[in-house]
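Take the given structure of chain A and dock chains B, C, D, E and F to it, following the hints.
Read top to bottom, the protein sequences are chains A, B, C, D, E and F.
For the first sequence, our numbering begins at 4 and goes up steadily by one.
For the second sequence, our numbering begins at 4 and goes up steadily by one.
For the third sequence, our numbering begins at 4 and goes up steadily by one.
For the fourth sequence, our numbering begins at 4 and goes up steadily by one.
For the fifth sequence, our numbering begins at 4 and goes up steadily by one.
For the sixth sequence, our numbering begins at 4 and goes up steadily by one.
Some hints here could point you the wrong way.
Repeated chains share a single entry, so a pair holds when one copy, or any two copies, can fit it.
Computed cross-link-like contacts, DSBU-like style, restricted to lysine-lysine with a CA-CA straight-line distance of at most 35 Å [as the list claims (entries may be wrong)]:
| no. | residue 1 | residue 2 |
| --- | --- | --- |
| 1 | Lys70 | Lys154 |
| 2 | Lys132 | Lys27 |
| 3 | Lys74 | Lys141 |
| 4 | Lys27 | Lys147 |
| 5 | Lys124 | Lys70 |
| 6 | Lys147 | Lys6 |
| 7 | Lys6 | Lys141 |
| 8 | Lys27 | Lys67 |
| 9 | Lys147 | Lys67 |
| 10 | Lys147 | Lys74 |
| 11 | Lys27 | Lys124 |
| 12 | Lys123 | Lys154 |
| 13 | Lys141 | Lys124 |
These aren't lab readings, by the way, just hints derived from the structure by calculation.
There are 6 protein chains.
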Amino acid sequence: MRKNRGLFIGRFQPFHIGHLRALKWILSQEDEVIIAIGSSQFSHTIRNPFTVGERIEMIWRVLKEEKLLDKVIITSVPDTNGVHSIWVSMVLATCPSFDRVYTNDPLSRRLFREYNIIVKKIPFFEREKFTATLIREKIIRGEKWQHLVPKQVYEYILEINGDERLRELYGKKYDNYNPH
Amino acid sequence: MRKNRGLFIGRFQPFHIGHLRALKWILSQEDEVIIAIGSSQFSHTIRNPFTVGERIEMIWRVLKEEKLLDKVIITSVPDTNGVHSIWVSMVLATCPSFDRVYTNDPLSRRLFREYNIIVKKIPFFEREKFTATLIREKIIRGEKWQHLVPKQVYEYILEINGDERLRELYGKKYDNYNPH
Amino acid sequence: MRKNRGLFIGRFQPFHIGHLRALKWILSQEDEVIIAIGSSQFSHTIRNPFTVGERIEMIWRVLKEEKLLDKVIITSVPDTNGVHSIWVSMVLATCPSFDRVYTNDPLSRRLFREYNIIVKKIPFFEREKFTATLIREKIIRGEKWQHLVPKQVYEYILEINGDERLRELYGKKYDNYNPH
Amino acid sequence: MRKNRGLFIGRFQPFHIGHLRALKWILSQEDEVIIAIGSSQFSHTIRNPFTVGERIEMIWRVLKEEKLLDKVIITSVPDTNGVHSIWVSMVLATCPSFDRVYTNDPLSRRLFREYNIIVKKIPFFEREKFTATLIREKIIRGEKWQHLVPKQVYEYILEINGDERLRELYGKKYDNYNPH
Amino acid sequence: MRKNRGLFIGRFQPFHIGHLRALKWILSQEDEVIIAIGSSQFSHTIRNPFTVGERIEMIWRVLKEEKLLDKVIITSVPDTNGVHSIWVSMVLATCPSFDRVYTNDPLSRRLFREYNIIVKKIPFFEREKFTATLIREKIIRGEKWQHLVPKQVYEYILEINGDERLRELYGKKYDNYNPH
Amino acid sequence: MRKNRGLFIGRFQPFHIGHLRALKWILSQEDEVIIAIGSSQFSHTIRNPFTVGERIEMIWRVLKEEKLLDKVIITSVPDTNGVHSIWVSMVLATCPSFDRVYTNDPLSRRLFREYNIIVKKIPFFEREKFTATLIREKIIRGEKWQHLVPKQVYEYILEINGDERLRELYGKKYDNYNPH
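One chain only, chain A, in its complex shape:
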């Protein structure tokens, strides 16, 4: 019998505990989940520090630890540089087939719905705490961030000196970090 499948889209810069809880919640709704890593071509910026290869590795390590590899497929989707009209077809080509999309992003929601694809909202899990923007800021400022990501992600980022990369990209003294 064909399984029910949800698509979970994000940039995962990095994959944090909010993402993991969202994934588990989607898995309570669906048999299998496709994790689509968006803006796959970008890396080495404050907003997108990690390559798609690095993001695949951090998610795969978490899935392995959580024993979810036989229910979750990892894929990647490039950003279309503002040519939004082709983005859904990019998702359809780069991902195994799915029944529903889970995302809270207004643009993505609109684009999928114009293709008659069902879109569902994801409940937020302590959103003020678990956002990738905040985690990147903490890394840059040298603050504690270990508790905000799965253990495997923390170890992996240290392993590839990802914290150092972010601080170097920021370039200036990080005691007066200002993202705007």
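Relative to the frame of chain A, chains B, C, D, E and F by itself:
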């Protein structure tokens, strides 16, 4: 302790029994393997019939059946349209890190070696029998091809009407198929 | 005898009464006009909500109503993502030939003049009232905008739920709209 | 009341009498037709000699003569360089909406059908006589081709020295023309 | 015997006296220098007013005057539109080989170091005075800037009306110039 | 007084004695020459084995030996992947200004003439002997080719193992080389 990792590159149009045997052989040399699906942006041609999403799905189903999902990571790499000088950096960005590349393709071998990356040959397993070109030909001609791919791949291609797609793309009467 | 031809460039997001008056004024100077829809690849953003197909349709409906289809040709030109040095050649390749360009945009004016193409200014027609930016704002805020566009454009945008699209893309509550 | 609309796709290199007959036949099935000029970015080759601007102009002149401008909309669609999975979304973004596609090309037919878009065949009208390939060959060889295209197309190609362009691109002596 | 070679990267919009001093300083460290003109595809903006052809010419004229043409090679490297992971491979493909890179830009420094390429800092020479941003501002405002660039650059920019181009691109009255 | 300038375009895969003679002949017609290296983004194929950085280096070494660096400027121009209508504007943006183009290629000649740029033919110098295609064939076959290129080019290609690269790319036994 850091695992040994090999990179296995191919277009996998489709993933066949020769690929599976090669994968198992590489796994006899390495702890973990990255499968990089090349020419990821192409589909719907005689030479590249399947989207990268479809190729990910067929390989994932095989890995699941073979209980290899915790040792093998699936990724995808676009073709760089003849700009070969950036291709290795594309591979490095789209794949988790690896120690060695396994490929018999002269261009890929050369490109990796110019980056000082170790390249190893893959032994062929009845190559006259297991080639994707031959399998696509058999599908177009309506000949038997079930025995040339893993069971999961066969079922999946039928499920998405992939055999019909290939025959339609070929366009002409397939009793006089000529790939040249 | 060869007709005199003007090129009228804009993004037409959407095509409004100011554009229509400008078109009629250019037609008082020239026998025929090419309407070139710029930034053709963009859509589904606050600044560029409509696809080029939608913009072609709205302009075509107005031209039909105004009985101008035998004097005006609609074409489209992509944005060149900052590679301004090739933009004029893009215009020349995507448009039927013309004698003069009508635009008030400093960059376009400069680029055409470096190709020795004659550029003319367009008189403004109540510019404080008829600007596409203002119309998009009014749509987002749920204010009255029907009087700012030709009847055919108004009906067409409602027909494709273009007003809803803009509001969804804006995402937030639109009673406190702030474009900056 | 919403009109019935067909999409007529082709490269129109150049637009010939077979195309005009096909257009009229489609208009016997539909209220309105979108003519989508494919491979719009290509020009100055033996296979694609004319720019999209030139092709728009030749078709517009014919439609004007035939008094079809209020039933037919001309648009253009780029070739996606082998990334076939996004091509239908390109068509949808660059064209006003339509109900059915008319094309005999196997790849296009397959791609539209995978999007659940209805595809119809076009009856051929003396196909051995009216093909763009044959017309380009005749122009290169200096043979008579005036009778194969609408009068407006013939005059236009001479006006822009399009026949000379084709012969120059071919480069060699055209008394021994061989397209292969 | 193989010469020691440094790579000197910049956008050179325009090439000024600070750049020339930096070049001479690098030549005190190396036998030969590759000047790589970055963001080569951009031109005709306030930030990138000059084409790469124009930048090559201004640098070549300076090198000729300074009798450095037999020690310095001029090349160009495109901006990769945020795909930073391929940028170093672009530099390696577009430039003759080199031993060390000289740049103070945090992103470039990080990217080269991840490729195990040695990166050195360039001492600043009156940086508050010699910055391309400041020179472009002065040109726009109509202030004196002749003393900030080599004589050949000044003459060349006037020759191509580059000062007028910048002012036209700025568009507004330049007595109240504000770059932000 | 403004110098007369010619543009000399080629792929220079590799730069050989026929190219050097052509350059000297053009210098007998003009004060200065721009050498534009075409198809700059391609490398690592039989037809385009060398990167643009390598081609710049080989030409620069020859110019240095010939004491021509103060009369000849080296630039590079990418291939536009069949979008020929923008190619001339690419040349104009990537090269310092010039008065005339020297090329025998029918497509380039046509494209420049459509921009009203003067195009001149280059006399052939023992063309049956000095063609890059023949030299690449000889390298692949392991035949003598030293006498066909300037000394600096020969040494440089050996220095970067360019001969080995070509043979590896060819892949098969080169005693039965067949380029078709």
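- Would you list, in rising numerical order, the hints stated earlier that this structure does not obey? none
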